[in-house]
Amino acid sequence: MEAEPERVARPLVYRTKLPVRIWHWINALSIFIMLMSGMMIFNAHSRLYWGKFGANFDQPWLVIGNHGQAGFVRLGGVEVPTTGFLGYAMDTARAFPPLVTIPTGYNLSAARDWHFFFAWVLVLSVIAFLLYALISGHLRRDLGLKREERSLAHLWHDIKEHARLRFPTGEAARAYNPLQKIAYLSVIFVLIPLVVLTGMTMSPTLNAAMPWLLELFGGRQSARSIHFLCAFGFAGFIAVHLLMVVLAGPINELRSMITGWYRLPAERAVTEDKP
Amino acid sequence: MSLITRRNALVGGTGLLLAGCDKITASPTVKNVLSLGQKANLTAQRLVQDRNALAPEFTRADLSPKFRENGTRNPNNDDYNRMVASNFADWTLAVDGLVARPFRLSLAQLRNAPARTQITRHDCVEGWSAIGEWTGVPLGLLLRQAGLSSNAKYVVFHCADQLLGAQYYESIDLVDAFHPQTILAHTMNGQPLSVGHGAPIRLRVERQLGYKQAKYVMRVEAVASLDGIYGGKGGLWEDRSGYQWYAGI
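From first to last, the protein sequence lines are chains A and B.
Under the working numbering, read the first sequence as residues 1386 to 1660, first letter to last.
Under the working numbering, read the second sequence as residues 2 to 250, first letter to last.
Bound conformation, chain A alone:
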């Protein structure tokens, strides 16, 4: 019989405050609904263009379409078969299949209702979160990169640690690590503002009120393209974010985002640190 390995004390710490948890879940819900209703809206015209205008007679840079029952994605001049995933899937000739759109069947007016309702939820909740993060110090204390974290050497070290799937343990796991901070800051300060502003740029009324938005993005169809690229950005963030949650311990991570309490991962045994 083997001896029980000596257990390292793994204290529960209160890591995530209530306002952050509330915003996280409201934001997660909004972004999922925005992505799914957005895919339905995309299905209404599954071509993207650069510039001020763009319709069926003009040159798109991205098309998700179908030849009969064969789906394809065409990027520039390159066409890739995607039957079963995009263009033609689930017996439906639409860019995105019913499984991932809101509503499941073609319904542009309903998708727009979902999209705009949750656009307001997203915008108002991110404004409330930003006010909280500024006033409470969450932004400076937890999300801002510390002085020592701002060096390329430090970031490179962090990238290598991530690539080896070695995450911070013990007390170091109490704080976000630099790559994590950069990912969260990118969503909050780049992706969300960009997706909201490009969304607003597609509004003919707001074009009259704020013509500088069109100048900024190079025209309505460019704004529409950037809007969808942002959506891919969100999808990419979600994929990596969920992967990290799974790798870092899904129960522990979920508990900390629901109750706030997080069990610090045990320090790695010394033997693991051998060169």
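Honestly, I wouldn't trust all of these hints.
Short derived list, chain B residues pointing at chain A, Cβ under 8 Å [unchecked claim]:
| # | residue |
| --- | --- |
| 1 | L35 |
| 2 | P57 |
| 3 | S130 |
| 4 | E207 |
Chain B stretches covered by chain A per the calculated footprint, using a threshold of three residues with CB under 8 Å from any CB of chain A [unchecked claim]:
| # | region |
| --- | --- |
| 5 | 17-26 |
| 6 | 39-53 |
| 7 | 119-129 |
| 8 | 208-215 |
| 9 | 235-249 |
Please keep in mind that the hints were generated in silico from the structure rather than gathered at the bench.
Predicted model, so just to flag it, every value in this text is computed and none were measured.
Quick reminder that beta carbons are idealized off the backbone N, C-alpha and C, glycines included.
Take the given structure of chain A and dock chain B to it, following the hints.
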């Protein structure tokens, strides 16, 4: 012996999930709550912009090489075909409803009336855009000429085409009706408006989406309320397909 394969279970489970989602989407309560978002769009957009703020205007260099036709491409009914055959010689536009002096104008009279020319972008609700040059009579001019009643709140456009088995119509409120770029266009890219684009005249209400740009306009009616007009929601797409009356985004 029954065999439940993983694929069957997956397909069945997915079907149930999708059915559940659709039930939520189809609920009238959900639809009413969600439409608050679009109502907020109207309130917010009216709040942040001057009522006369102009939609961006472009140059001839920006024109779409080929302007896609939206909605009906040809009404193709007997009355309309007769009008096309006579080059709209007998066609008249009625301006009536809550006005002191209802009147009718021929196409020749409209073409000789004061006009505005603007190169603007047409945005379909589906997502595509096309840029064209439109020339037409400002709607505000016609409404003032007719002596709009102070009870009037909306202007309804009755059209010659049918879609989804119903008469096409649209409506706008007075903010858009008196907007300087709101015109009844008889000329597109320097040519008389083609059948595909809404001959003899179509509405241009440049701060809204394509389905508001009524084509084949026969009659302009000032009303106090949209209740009781066709389906009551202010437009064919609004009545039949649940699109919002305000199409500013």
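Is the interface hint satisfied for S130(B)? The criterion is a beta-carbon contact with chain A at less than 8 Å. Given a least distance of 4 Å, the restraint on S130(B) holds.
Proposed interface contact between L35(B) and chain A, which counts if any beta carbon pair is under 8 Å: Holds: closest Cβ of chain A sits about 4 Å from L35(B), inside 8 Å.
Given coverage of the region 17-26 of chain B by chain A, checked by CB-CB distance under 8 Å (3 or more): Check passed, 4 qualifying residues.
Checking hints one by one. Is P57(B) an interface residue toward chain A, by the C-beta closer than 8 Å rule? 5 Å, holds
Between the region 235-249 of chain B and chain A, are there enough contacts, at least three residues with CB-CB distance under 8 Å, for the coverage claim to hold? Contact hint for the region 235-249 of chain B vs chain A: holds, 6 residues under 8 Å.
At least three residues with a C-beta closer than 8 Å to a C-beta of chain A: is that true for the region 39-53 of chain B? holds (count 7)
Given a cut of 8 Å on the nearest C-beta pair, is the interface hint for E207(B) held or broken against chain A? It holds, given that the least Cβ distance between E207(B) and chain A is near 7 Å, below 8 Å.
At a Cβ distance under 8 Å, does chain A reach at least three residues of the region 119-129 of chain B? holds (count 7)
Between the region 208-215 of chain B and chain A, are there enough contacts, at least three residues with CB-CB distance under 8 Å, for the coverage claim to hold? Coverage by chain A holds here, the residue count being 3 at a Cβ distance below 8 Å.
Violated hints: none; the structure is consistent with every hint.
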